[in-house]
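Colleague: Using the hints provided, position chain B relative to the given structure of chain A.
As they're listed, the protein sequences go chains A and B.
Position in the first sequence (first residue = 1) + 1006 = my numbering.
Position in the second sequence (first residue = 1) + 1006 = my numbering.
No lab work stands behind these hints, which were simulated from the structure alone.
Accuracy of the hints is not assured; some may be wrong.
The calculated label-pair distances, taken between Cβ atoms and stated as ranges, are [claimed, not checked]: (1) 1026/A to 1225/B: 43 to 49 Å; (2) 1318/B to 1246/A: 15 to 21 Å; (3) 1012/B to 1025/A: 21 to 27 Å; (4) 1246/A to 1117/B: 21 to 27 Å; (5) 1222/A to 1117/B: 28 to 34 Å; (6) 1342/A to 1218/B: 26 to 32 Å; (7) 1324/B to 1218/A: 15 to 21 Å; (8) 1009/B to 1218/A: 33 to 39 Å.
On a predicted model such as this, the values are computed, not experimentally measured, just so you know.
Yeah, the Cβ is synthetic: ideal placement off N, Cα and C, and Gly gets one too.
Number of protein chains: 2
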Amino acid sequence: MLEVPPRRLHGPGPSPVHPNVLQALGQPCIGHMDPAFMEIMDGVRSMLQKVFKTDNAMTLACSGTGSAGAEMLMDNLVEPGDCCLIGVNGVFGGRLADKAGRAGGTVHTMEIAWGDVFDLDSVKQRVADLKPKLVALVHAETSTGAHQPFEGLADEVHKHGGLLVMDCVTSLAGVPVEIDAWGVDAAYSGTQKCLSCPPGLSPVTLNDRAMQKVKKRKTKCNSWYLDLSLVGNYWDGDRAYHHTAPVNMNYGLHEALRLILEEGLEARFDRHRKAHEKLRDGLTKRGFKYVTQEGHVLPMLNCVELPKGVGDEGKLRKRLLDEFGLEVGAGLGAFKGKCWRIGIMGEGARDEHVDFILESIDAVLN
Amino acid sequence: MLEVPPRRLHGPGPSPVHPNVLQALGQPCIGHMDPAFMEIMDGVRSMLQKVFKTDNAMTLACSGTGSAGAEMLMDNLVEPGDCCLIGVNGVFGGRLADKAGRAGGTVHTMEIAWGDVFDLDSVKQRVADLKPKLVALVHAETSTGAHQPFEGLADEVHKHGGLLVMDCVTSLAGVPVEIDAWGVDAAYSGTQKCLSCPPGLSPVTLNDRAMQKVKKRKTKCNSWYLDLSLVGNYWDGDRAYHHTAPVNMNYGLHEALRLILEEGLEARFDRHRKAHEKLRDGLTKRGFKYVTQEGHVLPMLNCVELPKGVGDEGKLRKRLLDEFGLEVGAGLGAFKGKCWRIGIMGEGARDEHVDFILESIDAVLN
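In isolation and in its complexed conformation, chain A is listed as follows (with noise of 0.2 Å):
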């Protein structure tokens, strides 16, 4: 039988997994046209409709990881020709940019430095230069720890005939997500975040105003896979067959679901809060310096300098590994070398993880 090293995920995702969660994945298998898998769909879809904030049917599991999710809203809100305007701070800003552009987008990005949030005037100005037909920010970048604020932006989006598109891969069910307050027209965020449930879905929603854009389309969306035109029924219609559907990672995402909801949405983003001041005062003692913009930092994701002098962060992530199972993640792109990124996410969002997190970096650093 296969073996699994013991670890303590504290990088940016997967994060620990609830043993409910484990216990669910390994229910037997039953048909993607069952009636019993439907309620269960029907239960995922209600409680990611709670965890969203948002009324919208069309809220699903998509069949992919988070960057599937991602692709998903592209290839079904932008047509050829359309006009996209897309913030880039970090990898995933990057990422949808790219993703837009093989849908066919004409593509604006807005570029600044890693590590900082857009400021929401600057952007208003941009849309009403522009007047994009999709325009896009990341609310968590897990690339950068940025915590990106989202509202008051809608309005002016809509004003120019546009739709508002969020990146929640790792703010929900960490921090506060409003999809319907904020006017947020279509959302995508992954299991293996702050849900605490293994990567294997990426949880999406979207709103009658970008239906309406998926349903008007003159051009057939790039992927079959992926197109809501199909998909959406299966999820939300005559519930016809598409695909067959990840029957096992459903039941996952529905018990770790079930126990966000058991615990309560104020009270796990309280709980992400306090782990990560707990967090940021110990890894500033020891000379670790966040790279976010002040105000905006992330508490579930944690991108920090090392102290002067430590030696090859490489070598001492991999002591973290190999010494204690602890996983913490390598910078990426500007950081790549300089920074980790250290995540306490869901179930790692806890005193005794940070405690063992700040013990493991005492040891390989001194």
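Modeller: Chain B in isolation, oriented as in the chain A frame:
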């Protein structure tokens, strides 16, 4: 906790899953960049090579269900304007044609009656006439139960500079699939059929000829998520981060493949054949009629017309599910309302399963 009703899975997939595989699925999640996970990926790859009967370095588990694997091949191997020749003798050939079209291909279909298989001499003639850059056929048409011969086709396709693509979603590990010996350039499968693993991954393999096409593309692949020039490096290359792989699903596939190789492919094919003979005898005695061309009936997918006068097939299927927990599949397309698709795949291809199927059918028909 989630409750899942007990089911006997004898539809077109998912198939019954071995308890070991469920146990593997529920192992603690580790990171997608963890050296221990890379070892698991290597294990998945080398076992997939054995099951596909190939030395192809580019052999991987695509992070989606079978339809994602199909789309990965069409998106990567078809460039805008490429002439594609696709065999359509059921639902899944039709989907391939749709996907090749979305990838920008100029699609020519060969259409024959559902249930029949393509005569290879006629296919070769079409290949000689059209000189297509890609020829795709479905080895095991899950909507009709037809078992398409492949041997001897590749040379003609290659002679005209084309690639031969095979859908072996339902056949892999149930009947011989000889990627290298048959000269197949690229193929995809699904985990939830004869591999007896829950749905969620699509085994994919491409030879060097196919990878040359990927490397020499003049246009970007439609999809970022499925772009083999990116995801290929994660499985075979510098192991650069692309997307977060579905870690636990890969555990399950690893264990499923281990069990298959422990049994031995020949023994497994033999088991499928024997279970099929017993099922076929039983069904024929009860007045069911195979709709598939004689001599080309798949052992693992039995597409049969119901005996006359037994009443509404939907109600009977519902009784099988409600009273016996037995899932059999509905007919699709031309066979809707007339046929059942009875699967004996992987763990389900055993005497006792066939007895159970026949006894349950007797109970609802009498």
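Colleague: Next step is simple, just say for each hint if it's right about the structure.
Modeller: A quick look at each hint next to the structure:
{"no.": "1", "hint": "1026/A to 1225/B: 43 to 49 Å", "verdict": "holds (46 Å)"}
{"no.": "2", "hint": "1318/B to 1246/A: 15 to 21 Å", "verdict": "holds (19 Å)"}
{"no.": "3", "hint": "1012/B to 1025/A: 21 to 27 Å", "verdict": "holds (23 Å)"}
{"no.": "4", "hint": "1246/A to 1117/B: 21 to 27 Å", "verdict": "holds (23 Å)"}
{"no.": "5", "hint": "1222/A to 1117/B: 28 to 34 Å", "verdict": "holds (31 Å)"}
{"no.": "6", "hint": "1342/A to 1218/B: 26 to 32 Å", "verdict": "holds (31 Å)"}
{"no.": "7", "hint": "1324/B to 1218/A: 15 to 21 Å", "verdict": "violated (36 Å)"}
{"no.": "8", "hint": "1009/B to 1218/A: 33 to 39 Å", "verdict": "holds (38 Å)"}
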